[in-house]
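Asker: Residue strings, one per chain:
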Amino acid sequence: MTIEFIILSLIGLTAYSFFIGRKKALALSSLKNVTVHSQPYYHGLYSALITIFPAFILLILWSWIESSIFSINLREYFKDIADPAVADFYILGVINFAGGIDEKAINHVNFMSAVNYYESTMQMNLVLKAIVIIILTLMVSRYSLKLIAADFKARDLVEIIIIRVMKYASIFAIVITIGIVLSLLFETIRFFESVAVTEFLFGTHWSPQMSIREGQVGSSGSFGAVPVFTGTLLISFIAMLVAGPIGLFSAIYLSQYASINVRLFAKPIIEVLAGIPTVVYGFFAVITVGPFFREMGIFFNIDGFSSESALIAGSVLGIMIIPFVASLTDDALSAVPQSLKEGSLAMGATLSETTTRVIIPASFHGIAGSFLLAFSRAIGETMIVVMAAGFAANLTANPFNAVTTVTVQIVGLLTGDQEFDSPKTLSAFALAFVLFFLTLILNIISLTIVKKYREEYE
Amino acid sequence: MNSIIKRNQREKRFKFYGILAVATAILLLVILLFKIFSTGISAFNQTYIGVKIQIQVNSDISNLDPRRELRRNIRTMFPDVKTRSEKKNLYSLFSNGAYYEFEEMLDNYNGEKIDGYYYFLASDDLDMYFKGTVKRKGNSAGRIQPSQMKYIDMFENMNLIELKYNKYLLGSSDSREPELAGILGAIYGSFYAILIAFITSFPLGILTAIYLEKLASKNRFSDIIETNINNLAAVPSIVFGLLGLAIFLNFFDLPRSASLVGGLTLGLMTLPTIVIASRSAIKSVPPSIEEASIGLGSSKIQTIFNFSLPLAMPGILTGTIIGMARAIGETAPLLMIGMVAFIVDIPSGPMDAATALPVQIYLWQDSPERAFVERTSAAIMVLLLFLFLLNITAVYLRKKLEKKW
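As you go down the protein sequences, you meet chains A and B in turn. Everything in the first sequence is counted per this note's numbering, starting at 1 for the first residue and increasing by one. Everything in the second sequence is counted per this note's numbering, starting at 1001 for the first residue and increasing by one.
Among the hints, a few may not be true.
To be verified - Calculated cross-link-like contacts (lysine-lysine; reagent style PhoX-like; alpha-carbon spacing at most 20 Å):
| hint | chain 1 | residue 1 | chain 2 | residue 2 |
| --- | --- | --- | --- | --- |
| 1 | A | 167 | B | 1087 |
| 2 | A | 167 | B | 1283 |
| 3 | A | 146 | A | 23 |
| 4 | B | 1015 | A | 341 |
| 5 | B | 1214 | A | 167 |
| 6 | B | 1015 | A | 451 |
| 7 | B | 1087 | B | 1052 |
| 8 | B | 1052 | A | 167 |
| 9 | B | 1218 | A | 452 |
| 10 | B | 1399 | A | 153 |
| 11 | B | 1399 | A | 267 |
| 12 | A | 267 | B | 1283 |
| 13 | B | 1214 | B | 1300 |
| 14 | B | 1283 | A | 451 |
| 15 | A | 341 | B | 1214 |
No wet-lab data here; the hints were simulated from the structure.
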């Protein structure tokens, strides 16, 4: 008796409801003097939906309740263990051992009796679960088949169910956002219980590594995130210095000067840059751009040129966001009414004068929006900086020095072993919280600007 | 007059900047791809060393230790190798994989006489030297010592070092030894993750899109959902990783490193893309068709499922494929949910611990061995090939199924 058996029999019963319901409705509609409201297919569908729904809910509820009851009962066996985390570990060991996942028994007096208890009750529970759920489903199925009658509005009911499902699906998007905010918020609040908000936002020393022995120098770790923020801004700024001009001028050339054929050829190629995974850019930074800049550094005799310098990460990040700037700016430029452009050309202005003095001012909002969006993309980008930028937080504006970013810190703090009660791990959530809100605000501003501007010419 | 010339010069200069920008962007792409391909192409071949193997007719091989037996065969080729350190240097030219290959050969032994040169996998250091990645300096090359170089020269003089197809790269899973490392496990992990991502985000995305486009009345509520989805599409992917970590791992207690969790996280990340693409596809279905359906007595839901949705399907599929392509290349959220472990086994299902292809690339580029550089590039080539195929499918679908109204 397994969970697969229950699920398979549920599917079987649902199919049974569908076909019998349809058959019954079909028989009904072939009678003389009877007009059936809905097609047989809808009657079948309604029966099937009604059949599966309560069983499905019950299955989930039961599984949820059973696991909590089991862990409470199992805890009785490990009463002597004071630390609840260790007891939880033992309980997990019992479940894994009984399930055959883990072959090694844990050395504890009550371990085997706990396993025996778990195995016997689990088996009984499964049988009981199967019987209850299958009987319930059979009853519901019979009930739903009884409902079928000429004036039964099966189609309307099915449609109501479908609409409701769609509505919940669309609410799910909000649930994701709430999930993001809450999951970040809880850990952030826990972080601020041990570190002051002001220290985090205005402190200039970031070294989250805690020493193992107490009383060691710097054992508390320090969480002044200013160097992390400035590092992020420095790298994103360098990226914009690369992507801004290239993206802007590409967009101008492709939308104003290029022939249709050049446009059809060049535009998709630039877009390919956006489709390349960021881990590939990171590797490119490590094997090509890094060595290239290092040699330039030696050639020009630049002091303190770091192999993890902001310049390397920033310029590769810039390559990645070229297509964002280019395509969004292109959209903005193309949205300017043709009449404005033609008017300027007719007055004798050259195309470059028209572009700089008429088209760009007219599409300024759109271009600004695209730059903001690209900037927010640069701030949130992870892999390139993880691979090309450093982990040490230096408070500097020198592009040749190594700096770190918010995303690098999050990855560094959360990969590897985690303890969820140390400020070190929790600080990653606080950083992510800042990152989320920063990008959110940038996105909202840029989307509003672009939308408002678009309406201007419509 | 002077000013006209100046203005024309300025015009030319401006146009030149535009051409320069486009050319720079294209050039950067070409450099990137060229660098990856030129580094990675050599990883599809691997260095093998020929060893003279002699087994008599109907030998009893059941008690043979493959490691000792292969070493004995190698030693018979070099009768003057006597001391321990000499032997060690000679054996170190071979990979551990050579012994497995020999074991396999013994397993297939059918009693016939074996006498001839058979090729066995070389170590990564020799591989790098033979491919020319590590240059020879006097009698050493990279990590190869003069004492080892002696034997390499002997093998080379006998023409016994050869490049053969690297069956490990596409046929095996990760390994600490570069010459044995492959991406098959990572491909499986990626496959399961994308499958799960598709299963979660595709139906949800379509249902949301239909609701927002066709059923929701224009009010505050639908406005909030719409803004929310647009903003979700621009949330950094690493934040979705933290969401996955907090919800799926810490709250629901799903197994760490499993591709199930990776897939769910990627699914949440792709959902907004699919919704936005599906909405614009549904919007582009001409209202006249829907009105005709309504006019003939269909209900709104019947119209949607019989006409709007099938007609919008090419657009929806194109958007979904592009979203999935982005999810395949995504690394950061997978790092957050622990898919970065060193995993030797090929996962047999979405609940098993696994890595994904981009994560494998990330792990390899971090390895100190020189031989991992070309393998990283080769893994990137495979990843780019997948993405290329997906995008070609999307373009083909759009071309083939698109109707001009």
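Asker: Decide, hint by hint, whether the structure agrees.
Answerer: Each hint tested on the structure:
1. Between residue 167 of chain A and residue 1087 of chain B the alpha-carbon distance is near 73 Å, which puts this suggested pair outside the 20 Å criterion.
2. Our distance criterion of 20 Å between C-alpha atoms is met by residue 167 of chain A and residue 1283 of chain B, whose separation comes to about 18 Å.
3. Between the alpha carbons of residue 146 of chain A and residue 23 of chain A the distance comes to roughly 13 Å, so the proposed pair stays at or under 20 Å and holds.
4. Annotation: proposed proximity of residue 1015 of chain B to residue 341 of chain A holds, straight-line Cα distance about 17 Å (limit 20 Å).
5. With a C-alpha separation of about 11 Å, the suggested pair residue 1214 of chain B and residue 167 of chain A falls inside the 20 Å cut-off, and the hint holds.
6. At roughly 29 Å between alpha-carbon atoms, residue 1015 of chain B and residue 451 of chain A are farther apart than 20 Å, so this suggested pair is violated.
7. Among the hinted pairs, residue 1087 of chain B with residue 1052 of chain B is consistent with the structure: their alpha-carbon atoms are about 17 Å apart, no more than 20 Å.
8. Taken as a hint, the residue 1052 of chain B and residue 167 of chain A pair is broken in the structure, with Cα atoms around 72 Å apart against an allowance of 20 Å.
9. Our distance criterion of 20 Å between C-alpha atoms is met by residue 1218 of chain B and residue 452 of chain A, whose separation comes to about 19 Å.
10. Simply put, residue 1399 of chain B and residue 153 of chain A have alpha-carbon atoms about 42 Å apart, too far for the 20 Å limit, and the pair is violated.
11. Proposed proximity of residue 1399 of chain B and residue 267 of chain A is supported: the alpha carbons are some 18 Å apart, at most 20 Å.
12. In summary, the hint linking residue 267 of chain A to residue 1283 of chain B is not supported, as the alpha carbons are separated by about 25 Å, beyond the 20 Å threshold.
13. Using a Cα cut-off of 20 Å, the hinted pair residue 1214 of chain B and residue 1300 of chain B holds, with the two alpha carbons roughly 9 Å apart.
14. For the hint linking residue 1283 of chain B to residue 451 of chain A, the alpha-carbon distance of about 18 Å falls within 20 Å, and the restraint holds.
15. Note on residue 341 of chain A and residue 1214 of chain B: the hinted pairing is violated, with a Cα-Cα distance of about 38 Å set against a maximum of 20 Å.
Of the numbered hints listed earlier, those contradicted by the structure are 1, 6, 8, 10, 12 and 15.
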